[in-house]
Structures are given as structure tokens and as C-alpha cells.
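> Here is how the chains run, residue by residue.
4 protein chains.
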Amino acid sequence: MELAESDVQIQLSRRRPGQSALATPRDEKDQVAIQSGLEHGVTLGTPIAMLVRNQDQRPHDYSETDLYPRPSHADYTYLAKYGVKASSGGGRSSARETIGRVAAGAIAEKYLRQAHGIEIVAFTSSVGKITIPSTPSPTSASSTAPSVAPSEDDAAEDALSPEFREILSTVTRAQVDANPTRCPHAPTAEKITARIMRAKESLDSIGGTVTCVVRNVPAGLGEPVFDKFEAKLAHAMLSIPATKGFEIGSGFKGTEVPGSKHNDKFVYKEGRLRTETNWSGGIQGGITNGEDIYFRVGFKSPATISQAQSTAQYDGTAGQLAARGRHDPCVVPRAVPIVEAMAALVVMDMLMIQNARNGAVSLLPPVTTLPKTMVLPKSNGR
Amino acid sequence: MELAESDVQIQLSRRRPGQSALATPRDEKDQVAIQSGLEHGVTLGTPIAMLVRNQDQRPHDYSETDLYPRPSHADYTYLAKYGVKASSGGGRSSARETIGRVAAGAIAEKYLRQAHGIEIVAFTSSVGKITIPSTPSPTSASSTAPSVAPSEDDAAEDALSPEFREILSTVTRAQVDANPTRCPHAPTAEKITARIMRAKESLDSIGGTVTCVVRNVPAGLGEPVFDKFEAKLAHAMLSIPATKGFEIGSGFKGTEVPGSKHNDKFVYKEGRLRTETNWSGGIQGGITNGEDIYFRVGFKSPATISQAQSTAQYDGTAGQLAARGRHDPCVVPRAVPIVEAMAALVVMDMLMIQNARNGAVSLLPPVTTLPKTMVLPKSNGR
Amino acid sequence: MELAESDVQIQLSRRRPGQSALATPRDEKDQVAIQSGLEHGVTLGTPIAMLVRNQDQRPHDYSETDLYPRPSHADYTYLAKYGVKASSGGGRSSARETIGRVAAGAIAEKYLRQAHGIEIVAFTSSVGKITIPSTPSPTSASSTAPSVAPSEDDAAEDALSPEFREILSTVTRAQVDANPTRCPHAPTAEKITARIMRAKESLDSIGGTVTCVVRNVPAGLGEPVFDKFEAKLAHAMLSIPATKGFEIGSGFKGTEVPGSKHNDKFVYKEGRLRTETNWSGGIQGGITNGEDIYFRVGFKSPATISQAQSTAQYDGTAGQLAARGRHDPCVVPRAVPIVEAMAALVVMDMLMIQNARNGAVSLLPPVTTLPKTMVLPKSNGR
Amino acid sequence: MELAESDVQIQLSRRRPGQSALATPRDEKDQVAIQSGLEHGVTLGTPIAMLVRNQDQRPHDYSETDLYPRPSHADYTYLAKYGVKASSGGGRSSARETIGRVAAGAIAEKYLRQAHGIEIVAFTSSVGKITIPSTPSPTSASSTAPSVAPSEDDAAEDALSPEFREILSTVTRAQVDANPTRCPHAPTAEKITARIMRAKESLDSIGGTVTCVVRNVPAGLGEPVFDKFEAKLAHAMLSIPATKGFEIGSGFKGTEVPGSKHNDKFVYKEGRLRTETNWSGGIQGGITNGEDIYFRVGFKSPATISQAQSTAQYDGTAGQLAARGRHDPCVVPRAVPIVEAMAALVVMDMLMIQNARNGAVSLLPPVTTLPKTMVLPKSNGR
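Chains as they are written, first to last, in this note's numbering: chain C, 1 to 382; chain Z, 1 to 382; chain G, 1 to 382; chain X, 1 to 382.
Some clues are possibly wrong.
No distinction is drawn between identical chains; accordingly, a pair holds when it is met within one copy or between any pair of copies.
Mimicking DSS-like on lysine-lysine, the simulated pairs with C-alpha atoms at most 30 angstroms apart in a straight line are [as the list claims (entries may be wrong)]:
#: 1; residue 1: LYS372; residue 2: LYS265
#: 2; residue 1: LYS200; residue 2: LYS269
#: 3; residue 1: LYS200; residue 2: LYS29
#: 4; residue 1: LYS191; residue 2: LYS261
#: 5; residue 1: LYS200; residue 2: LYS265
#: 6; residue 1: LYS372; residue 2: LYS191
#: 7; residue 1: LYS29; residue 2: LYS269
#: 8; residue 1: LYS191; residue 2: LYS29
Derived by calculation from the structure, the hints in this document are not laboratory data.
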């Protein structure tokens with residue numbers, strides 16, 4: 001495959017700190033240099049080593065953590081796990097490790113785009129309580145459908161508003177990047193900006209959600225039982241630092257919708273079976289059906305805040321800890337390329353597994369003894 | 001380890017159909033027989049084979065699916081994946097495969113209880129829009145905290161109400177099983193019963209959520225980066241049929257809470273560091289901290305409903321499909337032991353990995369050259 | 001894939017005890033019944049469960065092992081590993097577990113034959129000191145090349161005699177099965193028969209070697225570094241009970257041959273690069289080159305013998321143990337289908353991995369920027 | 001664990017080229033620098049990155065391979081696998097990759113020594129036809145036991161001569177390194193030196209074998225069925241470049257010995273069950289029994305030789321290739337630390353797996369209901 005450092009750099013630059021006033025002032029260039037696996041701009045099949053040097057490290061920023069396990073950080077749990085800890089910084093629990101994910105994901109993504117036309121676009125769907133209208137978000141129901149009297153009987157027909165569906169179907173990375181919040185819905189982006197600035201000014205932090213859509217994934221990816229496509233996605237997303245939740249398709253909101261409304265009926269169009277609606281989020285029974293895959297990931301408010309916190313030291317002594325490091329008041333905008341990267345890696349993995357199966361089947365003599373109800377009709381374009 | 005079929009049967013019986021009027025009338029006895037791995041009631045270290053025979057199968061119930069891929073089922077995606085499908089039933093995409101999970105989980109659970117005093121209790125936390133007060137549920141905010149004027153600035157202080165926290169800390173399986181809904185909050189259970197009966201009567205179905213708490217897990221479980229404890233949990237939960245979402249600790253609701261309120265400050269009690277609050281859900285940086293682990297799993301409304309649905313046949317012909325099989329109007333109560341089982345398997349896996357590490361460390365000569373800030377103080381009881 | 005029980009039975013019947021006077025009189029029918037994964041004689045992509053019932057078990061045969069760990073058996077090591085042991089028999093350390101390998105291998109083999117024309121043929125190449133002439137066997141050198149004065153300087157030009165090469169290139173299973181010894185070289189088969197009968201009469205046992213050839217394997221299978229094709233083969237073969245050694249291609253004998261004679265020069269024939277000789281055994285740098293893969297596996301003399309042995313009891317008491325079970329004086333003839341099965345499984349695994357890669361590459365746009373010395377010339381037929 | 005670069009360097013220096021006149025004149029310093037995972041000389045539990053820079057690379061040495069796939073190298077097979085190849089050198093198929101194995105193995109080895117007193121010593125046991133007396137080697141029988149009339153009936157009682165057993169029991173790395181051949185048997189070492197020098201002078205190469213002993217491994221390591229200890233060892237050894245064979249314990253020679261002589265009878269000494277002989281090589285039924293593990297690995301003659309070879313170019317044109325690179329006439333002495341490293345990694349892996357199990361068992365309440373014949377007697381010291 002043709003590959004250049006620029007294919008990777010573009011996503012690293014979207015992840016790096018210091019992109020806007022909304023993010024940490026640490027100005028890490030995060031320039032990638034490919035060390036191996038390429039010649040003449042073509043991958044050789046050998047491992048691709050990539051090097052990103054840390055150019056703005058200030059280890060003394062972390063000195064206070066000699067005494068304190070930072071609240072809601074991994075300092076204490078790593079110490080409990082290993083019995084020993086590095087003298088500074090969070091090591092592998094620092095979100096800085098996500099550079100590797102983004103770099104690898106960018107390569108996977110290039111392949112998926114070239115070979116299958118797959119598009120992966122993530123965006124900020126909420127920050128704090130501010131959310132794109134009708135995102136399947138905890139508090140959206142009341143604010144976006146005020147005229148519908150909420151009742152226990154109602155299906156949440158508005159879980160995916162037409163406005164939100166439109167974003168899912170059409171949003172591009174250019175649209176996402178048009179605003180530093182990476183929220184492609186302008187009125188919401190404006191409110192999110194204010195919310196993040198307020199967190200910053202109050203030496204506090206705020207969380208939010210990233211929604212991601214993956215288009216043009218072939219039907220048939222994902223494995224039965226344990227490695228369902230959504231299970232692999234959930235694993236990948238919850239492995240990103242600071243994540244608290246994952247929803248596929250209609251998600252938690254969908255649990256409120258009766259089956260008669262939630263079911264995605266089949267229709268025949270464009271030479272194959274499609275679904276009329278897509279509450280399933282492109283996955284049924286753990287296996288992709290060719291419709292758009294979309295999911296939402298929750299990120300907690302960053303644990304590092306500059307205001308003093310009353311908390312105990314490692315030895316149990318009570319005290320006050322105030323972080324000196326430069327940190328983000330909100331990680332959500334920078335999390336967007338990380339979510340995209342992990343999504344790309346999951347699609348790539350599941351595709352490779354299915355490739356192995358498809359390649360094996362393609363060499364067998366045709367089977368002619370089966371009832372026609374057991375095989376895919378010829379009228380289906382797949 | 002001592003093991004009897006009754007250790008397994010108890011959980012299988014909680015999972016089986018036909019337990020109450022709320023569930024499918026299929027009356028599967030689901031009696032387990034252990035085939036290998038035991039002698040004199042003690043495990044031998046060899047694989048434990050367990051057999052559960054299907055005693056009430058009616059394959060003809062599924063005959064209509066010869067022509068129709070059932071909406072929001074896996075019929076179509078399995079066919080797209082394999083190019084061929086079984087002539088009846090859903091095969092591995094049927095939730096009947098969860099019998100194996102529950103059986104395996106029951107053994108893991110017995111070990112965890114005996115060796116570590118670990119308790120795993122799951123319960124129905126919502127059905128449709130009916131939810132235990134202050135569950136971190138989509139719609140709970142407005143209904144349960146009416147006196148607090150909702151505003152974008154507010155932290156969701158009520159995400160875990162005292163009432164809900166109390167349930168998490170103390171709920172037992174006996175309390176859960178006291179009501180067929182498996183909801184341990186009596187007023188909510190009553191409403192849930194009505195909601196499920198209504199779904200049943202209208203030949204429809206309804207979804208909901210299961211919340212699970214795991215107590216007494218040692219600190220230090222979970223692996224850095226990709227196999228964080230919550231990532232493995234999310235993988236396990238999203239592999240259960242019909243799941244749509246996963247939240248750990250404060251979950252999506254927690255994304256709305258500023259860091260200053262969301263951080264779990266450390267306090268010294270009972271001879272070790274504990275956290276004052278537990279928004280983290282017992283996991284920090286992907287590794288357990290010894291506090292209660294709790295999480296929530298969303299289950300969609302069952303796709304199989306008895307009312308007719310307009311949907312296309314495999315060959316594209318439009319038509320009407322009405323299910324004849326006997327199915328649950330709501331799977332949530334029966335999902336409770338499945339969630340417990342998968343939780344037990346994850347804890348067991350992560351424990352085995354950490355055992356390997358701890359066993360290795362225990363044989364090394366003591367290291368004396370490290371600054372004391374790099375090692376766990378003796379005052380910590382772990 | 002079309003599949004019938006007879007596809008599996010044929011190999012199980014070659015493995016089963018009681019086939020001839022050379023083997024154990026235990027007469028196990030070893031009839032396979034396929035339980036799942038098939039309809040109308042076609043595999044569905046779902047797991048294929050196969051059941052083989054034990055029809056001639058006599059557990060009391062093993063009763064003496066209550067007191068004695070059998071010498072060179074796994075009784076003691078399993079007890080050391082698990083701290084507990086089954087009250088009778090060897091459990092998973094019994095070679096009876098190889099039924100599962102043979103059954104699975106038969107399915108893999110059918111696929112490989114249909115899809116790639118791959119042929120796998122194993123045969124008895126030696127028993128005790130009796131060996132097919134010029135097998136690369138410990139003692140063959142002197143007996144088969146008497147006129148060549150052995151000297152330290154000589155290359156072992158005779159390591160693969162023309163006679164032996166001919167067998168490798170052409171031998172069929174029918175030829176192998178023509179003699180109960182499964183040695184396709186008639187004069188050697190006769191001597192082997194006598195050797196085994198002598199072991200049987202003296203209540204003793206004897207070992208030997210199985211040589212296996214795999215023809216028509218595509219070039220490009222095997223993974224760099226750790227999962228080289230021969231490493232996976234060695235792993236598979238040494239996992240068969242009673243194996244003591246593995247050689248690929250020229251093997252240990254090849255270590256005596258200077259590079260100038262051992263190197264397989266390339267020649268162009270049949271539209272692609274072939275090698276003139278095949279000391280490499282079809283694998284170079286861990287990856288197949290399309291030539292015949294051949295290897296040899298050593299099986300020790302069965303540990304169970306009917307003569308009394310002076311050995312200690314579990315509690316340390318010295319004593320005399322004489323086996324009462326019915327056992328083979330030589331396992332080599334029955335090991336032939338087991339070696340074939342494990343070979344088939346390794347080829348299948350490596351093929352699936354390469355399929356995943358090939359499938360991925362096939363969808364990329366052609367790369368045009370590479371110097372022609374970096375790509376496979378069109379004149380190569382692969 | 002305490003760890004210093006010197007712990008690793010010592011083995012890298014034993015592997016590096018240019019150590020003596022017997023090896024390639026490439027003078028690679030192979031200095032290791034530890035990049036991560038350590039502070040104050042103690043491992044932190046985080047990944048240990050080690051960097052070894054190539055200081056004497058001459059890529060133009062390889063230029064002729066632009067046209068020729070080198071015979072018995074991986075040039076052709078890598079090209080067949082990936083469809084593209086690096087413009088120079090062998091990439092991952094170069095034995096230079098074994099630096100990583102040796103570095104990792106040195107760390108594992110330090111742990112095994114500290115925690116279990118495990119000793120791993122490998123040595124050159126043969127080069128060409130020259131072998132330490134009574135190594136279980138192809139040609140040793142006739143030359144070392146001339147007075148015994150060889151017959152088909154004879155057991156190979158001399159397979160492990162007292163002389164060879166003594167070496168296995170006592171040999172140290174200092175003794176191994178006393179001679180550049182790494183053969184600890186002085187008369188053999190002298191002949192081996194001459195043999196290698198002759199290969200060098202004739203622009204040719206020669207192979208040989210490495211024997212390795214691992215002492216003090218706890219009983220109980222290795223997994224039933226597929227991951228038997230010897231299967232993992234065989235996998236590891238055959239993954240080393242240029243290997244052709246693997247034998248455990250009595251190996252191929254042992255296949256000639258009747259069971260009555262080959263069985264390792266149990267005796268009670270030093271408070272536990274030991275075996276009188278050790279033909280099993282410390283492993284029974286795939287699981288270690290606490291006796292010395294010993295095995296032999298065959299290395300082919302290096303494929304790179306300086307004399308011209310008639311062989312085809314990539315495009316099929318016949319031609320003459322003479323290597324210009326600097327290469328070893330015999331890799332066996334330098335392979336010694338590689339074999340040790342891979343052995344250490346296998347022991348470490350199997351130990352970690354058993355640790356997980358032992359740790360789990362240790363927390364269970366004692367089982368009292370089993371017949372005493374099913375548990376390890378107290379009189380056994382394990």
C-alpha cells in the first residue's frame with residue numbers, strides 16, 4: 001500500500017495538545033517519523049515503526065505526585081498493581097499513549113478508504129449537559145421534544161431526530177474541524193465553547209461525548225457469540241483513557257422503545273436488502289449488515305484540575321493537592337481522532353478475519369445440493 | 001475446588017424461560033449435568049464439560065423464517081457472513097447460547113466467593129422509561145429531581161441518589177429475586193410489572209437496563225492500555241445478545257459532572273486508602289482500586305414480536321411477517337444472571353493474569369534501593 | 001463445504017486400536033457422529049461438534065495406578081501440576097485424546113484437497129533400528145552406504161537416497177496402508193513386523209519414526225520470526241503424545257552437509273521458480289516455497305509394558321508394577337493418521353492467516369512506483 | 001526486579017559477530033541501551049524497551065541480491081508472501097533479529113535464576129560429523145562404541161554415555177566459553193575448530209547442533225494436550241533462523257530403545273519422588289517432573305557462502321551468484337546464547353501460566369473429601 005508520513009500526521013495533528021484555546025497549552029509538535037516498513041513510499045509487509053518525540057516535557061510539573069495519589073487518576077491503582085511506581089507522571093496511564101493508537105489507526109483508515117471506500121467520522125456530540133439536539137443523550141428528551149407530553153407509554157420516537165440523522169449520514173471531517181469544539185452543529189458548538197471556557201476559568205474541567213459513524217462497511221463482519229462487532233468496538237472504546245460509557249445504534253435510549261417501533265424492517269433497494277430504519281446501528285446479531293455503524297462514547301471530566309483538592313497522601317496523611325501540570329479542561333474535541341482510530345482498528349481486525357474466511361470459501365467447488373431458502377438469493381447484490 | 005451441579009443449576013434456573021408470567025411460556029427445564037472434570041465433588045483441573053438438553057424445542061415454530069429475514073435479528077447478517085444459513089432458528093445468534101455463559105460463570109463465581117469473598121449482584125434497574133429513582137438513566141433526571149431547576153451549569157449531583165447508592169451497597173440476590181421483575185426497589189418493580197404485561201398484551205416487547213455491582217474485588221486487577229478492566233467488562237457485556245450500551249461507574253451521566261465534583265478523593269480508613277466517593281465505579285486508569293465495581297447494561301426490546309411486520313423476504317419481495325415462536329416480551333429479568341456470569345468471568349480472567357504476576361514477584365529478593373515515594377507505604381493494608 | 005461423517009471416519013478408523021495383530025487388542029469402534037454444523041451434507045459455518053463414544057472401556061485395568069505413578073507416564077507430573085488426580089486412567093494425557101485431532105484434521109484435509117489440491121501422506125519410516133534405506137535416520141548411514149568410507153570430511157550425500165526421494169514424491173495412502181506397519185517400503189515393512197512382534201512377545205515395546213510429506217502447498221505460508229511454518233509444525237508434532245523429536249527437510253543429517261551442497265539452487269521451470277534440490281523441505285526462512293514439505297517425527301517406545309518394573313509408589317515405598325491394560329507394543333503405525341491430522345491443521349491455520357493478507361491486498365489499487373527488482377516478475381506464475 | 005544493562009549485555013556479547021576467527025568479521029558492538037521500564041535499577045512493571053544500534057552495516061554488500069534470490073535464503077519466499085521485498089538485505093529473515101530474543105531472554109533468565117535457582121546452559125554438541133562422544137547424534141553410535149556389535153535387537157544403551165551425562169549435569173557457561181567453539185569437551189572442541197576453519201578456507205560453511213540443559217525447573221510446568229512443555233520448546237527452537245530439528249531427552253535415538261530400558265523408574269530421595277534415569281528429559285506427558293530438561297537443536301550450514309553458485313535470477317534467467325557479505329562459516333557457537341534465550345522465555349511463559357493456577361488454588365479452603373490416593377502424599381516434598 002502507498003503510505004506517507006503525511007497520512008499519519010494529519011490525524012496526529014488533530015489529536016495533539018495546543019490546537020486551540022480550548023485545550024492544554026502544552027505545545028507538543030507530535031511529528032511522526034516512520035522508521036521501518038516502507039520503501040519508495042510503499043509498505044513492504046514488514047512492521048511499520050513510527051517515532052513521535054516528546055518535545056515539551058516538563059517532568060517537574062508532576063513532582064507533587066510524589067506524595068499524593070491524584071484523585072481519579074491511576075497513580076494509586078498502578079502502585080497497588082505493581083507495588084512500585086515511576087517517580088513522575090502517569091506512564092502508560094497518561095493519555096499520551098493514545099498517540100500510538102492514532103498513528104496506527106491512520107494507516108488502517110487509509111487502507112479501509114482505498115480498498116472499501118469506508119468513511120469514519122467522529123464528532124463532539126455533547127459537552128456537559130449541552131448536546132446536539134436529539135442525540136440519544138441523557139437529558140435531550142425533554143429539551144428537544146417539549147410539545148410531546150412525556151409518558152411511560154411513549155416510544156422515544158425522537159431518539160434520533162431528523163436533524164441528528166442528517167448529521168450522521170453526511171457529516172465530513174472538514175465540517176467537524178470547522179469549529180475547535182469539533183461539534184458540527186453550529187449552535188451547539190457555540191454553547192460548548194462557552195461551557196469549556198467556563199470550566200477553564202473556574203480551574204475545573206468538564207466531560208462530554210463523542211459520536212462516531214462508519215460508512216460503507218461490508219455486511220458480514222463480526223464474529224458470533226463473544227467477538228460480536230459491537231463487543232469489539234466497546235472493548236476498543238472503553239480502552240481509551242477517561243471513557244465511561246459506550247452505546248451502539250439507538251443505545252440506552254433504544255431500551256425505551258417497543259420492539260414494534262425499534263425493529264428495522266427490511267426493504268429491497270439498490271439491488272440488495274437494506275433496512276428502512278437503522279436503530280441497530282449497522283449491526284445485527286453482532287454482525288454488520290452494511291448500513292451505517294454509529295456509536296457514542298462518554299468521556300468523563302478530566303481528573304486533573306488546578307483547584308486544590310482535599311485528599312490523602314500515599315501514607316494516609318490528609319492534605320491538599322493542586323495540580324501544576326498543563327491539562328485540558330475538556331478532552332472531548334481531542335478525543336475525536338482517537339475514537340476514529342480505534343474504530344478503524346476494529347473494522348480492520350474484523351475485516352481481516354472475514355477475509356480469511358472469504359478467501360477459503362472462494363476456492364471451493366460450488367455447492368448445489370442446498371434448498372434455495374438456505375442460500376443468499378442471486379437477487380441480492382452482495 | 002468443591003463443586004456440585006447445584007452450584008450451577010441455581011443460576012441456570014434463574015436464567016431459564018418460563019419462570020413467571022412475565023417471560024416466554026417455553027418451559028425449558030435447563031437441567032445441567034456435569035460430564036467431566038469432577039470426582040467426589042472436587043474439580044480435578046481437567047476441563048469441566050456440562051450438558052443441558054433442550055426439552056421443549058419446537059422447530060416448526062420458526063418455519064416462516066424460511067422466506068423472511070426477521071427484522072433486527074441475525075438471520076440476514078449470518079447469511080451475508082457465511083453465504084448459507086441453518087434451515088430453522090437462529091443458531092448461535094439465539095440467546096439460548098447464554099446457557100453456556102451462565103454455567104461457566106456460576107463456577108467462576110463460586111471460586112471468587114470462596115477465595116476472595118467477592119459478591120456479584122445484578123438487578124433490573126429500568127424497563128422502558130421506568131427506572132429506579134436516580135439510576136443514571138436517560139430520563140431519570142427530570143422525573144426524580146423535579147425541584148432542582150435543570151440548567152446547563154448544574155452538575156448532576158443526583159446521578160447517584162442516596163437511595164440508589166444504598167441499593168448498590170447492600171442489595172442481595174434474595175432481594176433481587178423477591179420480585180419476578182428482579183427489580184429490588186418495590187415501587188419500581190410494581191410499575192415494571194405493569195409495563196411488561198402491557199407489552200405482552202399488545203403483542204409487543206420492551207427493553208430495559210441491568211445494573212450490576214461487584215464487591216470485594218482486590219485492587220490491582222486490569223491491564224494497562226488495551227485490556228483495562230472496564231474495557232474487558234464492556235466487551236463481555238456487549239457480547240450478550242440484545243445489548244445496546246454499557247456504562248461504568250457514573251457513566252454517561254458522569255460526563256456532565258465537573259471534575260471538581262466527579263473526582264474521588266482519597267481518605268485513609270480501615271488501614272488503607274479508600275475513596276470518599278466512588279464515581280469511578282471501582283476502576284481508575286483501567287485498574288481496580290478495591291471499591292465496589294458497578295456498571296449498567298442496556299438491553300433492547302426483543303426483536304421477536306407477535307404482531308405482523310411489513311418487511312421484505314430474502315428475495316426482496318415485500319410481505320408481512322408475524323412471529324409464531326414463544327418469546328419474551330422483555331428479556332431484562334432473565335438477563336440478570338447472564339450479566340452476573342459475564343462479570344464473574346471477567347473478574348476471574350483478570351485475577352488469573354494478576355495472580356501470574358503476583359506469584360512471580362513473591363519469589364524475588366526484596367528490593368531496597370528505591371526511594372520510599374516509589375513504593376506502597378507499609379501503612380497501606382494491601 | 002460438502003462434508004460427510006465418512007470423510008472423518010476414514011481417518012479415525014486408521015487411528016483406532018485393534019486394526020491388526022501389531023496393535024492393542026482393545027477394540028474400539030471409534031464411530032464418529034457429527035452433532036452440529038451441517039445440514040444437507042454441507043457445512044454451515046457454525047461449529048462442528050463430533051461425538052465418538054468409548055465402547056470398550058475397562059477402567060479396572062488401571063486400578064494398580066492408585067498406588068504407583070507409572071514410569072515415564074504423566075501420572076506423577078499431572079499430580080504435581082494439579083495437586084489432585086483422577087482415580088483411574090491417564091485422562092488428558094492418554095493418547096485417546098488424539099481422536100479429536102484426527103477428526104478435526106480430516107475436515108481440514110478435505111478442504112485443503114478440494115481447494116488447493118494439497119496431498120498429505122505420512123508413513124512409518126523406522127521402528128527401532130530398522131529404517132527405510134537412507135531415511136535421514138541415526139543409524140542409516142553405515143548400513144545403506146557401506147562402500148563409502150565414512151569420514152568427518154564427507155558430506156552426507158546419501159542423506160536422502162534416490163529411493164527415499166522417490167517414496168517422498170509418489171507415495172500414496174493406499175501404498176502406506178498396504179502393510180499393517182504402514183511402511184510403504186516392502187522389505188523394511190517385513191523387518192518392522194518382526195521387530196514389533198518380538199517386542200510384543202517379550203512383553204516390551206519399541207519406538208520409531210513417522211515421515212510425512214505435504215504436496216502442493218502454495219508458496220508464501222508461514223509467518224516471519226516466531227511463527228515460522230516449521231516452528232508451528234514442530235509445535236504441533238511435539239504436542240502429540242510420546243513424541244521425542246522433529247526434523248524438517250534434511251534435518252539433523254543436514255547439519256553435517258556443507259552449505260555448497262545443502263543449498264537449494266533455483267531453476268526456472270513450469271513457469272515459475274523452483275528449486276533443483278529440496279533439502280529445505282519446502283520451507284525457506286520460515287515460509288513455504290511451493291516445493292514438497294517433508295518432516296520426520298520420533299515416537300518413543302510406549303511406556304506401558306506388561307513386564308514388571310521396579311519403581312516407587314506415590315508415597316515413596318519401593319515396589320513392583322506390572323501393567324494390566326491392553327496397550328500397543330508400538331504406536332508408530334497408528335500414529336500415521338495423527339501426524340497427518342496435525343499437519344493438516346497447521347497448513348489450514350497458516351493458510352487462513354495468509355488468506356486474510358491476500359484478501360486485503362487484492363482490493364488495493366496497483367502500486368506502480370516501485371523499482372522492478374522489488375516486485376515479483378510477471379514471468380513467475382504465482 | 002533489579003536489572004542493569006550489564007545483565008543483558010553479557011548475553012548479547014556472546015551472540016555478537018566478530019568474537020573470534022571462527023565467526024564473521026562483521027564487528028558489531030551490539031551495545032544495548034535500556035530505554036524504559038527501569039528506575040534506580042529496578043523494573044517498574046512497565047514495558048522494557050531496549051535499543052541496539054547497528055554500527056557496522058554495509059548495505060552495498062547485498063546489492064547482487066537485486067537480481068538473485070539467494071539459494072536457501074528467504075528472499076524468494078518473502079517475495080512470494082508479500083509480493084514486494086526490501087531493496088537490500090534479508091529484513092526480518094536475517095538472524096540479526098535474534099538480538100531481540102537474546103535481550104529478552106537475558107531478563108527472563110535473571111528472574112528465573114533469582115526466583116527459582118534455574119540454570120540454563122547450552123553448548124555446541126556437534127559440528128558437521130564431529131560430535132561430543134555419545135551425544136544422541138546420528139553417527140555417534142558406531143564411532144563411540146566400537147566394541148559393541150551393532151544389531152537390530154540392541155537397545156542403544158550408549159545413547160547417553162556417562163561422559164555426556166556428566167557434561168549435562170555439571171557444565172557451566174564458563175566451561176562453555178573456555179573455547180571459542182563453545183564446545184565444553186576439549187578434544188571435540190579441537191576437532192570442531194579445525195572443521196570450521198576448513199569450511200572457512202574453502203569458502204564454504206558447515207552446520208551442527210546445540211544441546212541445552214535447564215536445571216531446577218519446578219515440577220508441574222507445561223499444559224495438557226496442545227501446549228505441552230516440549231511442544232512450546234520445539235516451537236521456540238524451530239523459530240530460530242537456520243534450525244532443522246529438535247529433540248527432547250533421548251530424542252530420535254530414544255526411539256530405538258525398548259520401553260523396558262527407556263522407562264524412567266521412580267525412586268524416593270531427598271524427600272520427594274525422583275527418577276532413576278532421565279531419558280524423558282525432565283518432561284513426562286508434556287509436564288515437567290523436576291529433573292533436568294535437556295534438548296538438542298540442529299542448525300543447518302549457513303546458506304550464504306562465498307563460492308559462486310549456479311542459480312536462477314528472479315526473472316528465471318540462469319546465472320552465477322557469489323555472496324559478498326561477511327558471514328559465518330558456522331553459526332553454531334553464536335547460536336548458543338540464542339538457544340538459551342528462547343529456553344528462558346519458554347520456561348518463563350509456562351511458569352507464569354502455572355503461577356496463575358497456583359495462586360488461585362492457594363486461596364481455596366482445604367479439600368478434605370478426597371480418597372488419599374487422589375492427592376499428593378505429604379511425604380512428597382513438593
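> State for each hint whether it applies.
Okay, the hints, checked on the actual structure:
no.: 1; hint: LYS372 / LYS265; verdict: within (22 angstroms within a copy, 52 angstroms between copies)
no.: 2; hint: LYS200 / LYS269; verdict: neither (50 angstroms within a copy, 33 angstroms between copies)
no.: 3; hint: LYS200 / LYS29; verdict: within (22 angstroms within a copy, 52 angstroms between copies)
no.: 4; hint: LYS191 / LYS261; verdict: between (33 angstroms within a copy, 21 angstroms between copies)
no.: 5; hint: LYS200 / LYS265; verdict: between (47 angstroms within a copy, 21 angstroms between copies)
no.: 6; hint: LYS372 / LYS191; verdict: neither (56 angstroms within a copy, 47 angstroms between copies)
no.: 7; hint: LYS29 / LYS269; verdict: neither (48 angstroms within a copy, 44 angstroms between copies)
no.: 8; hint: LYS191 / LYS29; verdict: within (29 angstroms within a copy, 56 angstroms between copies)
Going down the numbered hints, you'll see the structure goes against 2, 6, 7, while the others check out.
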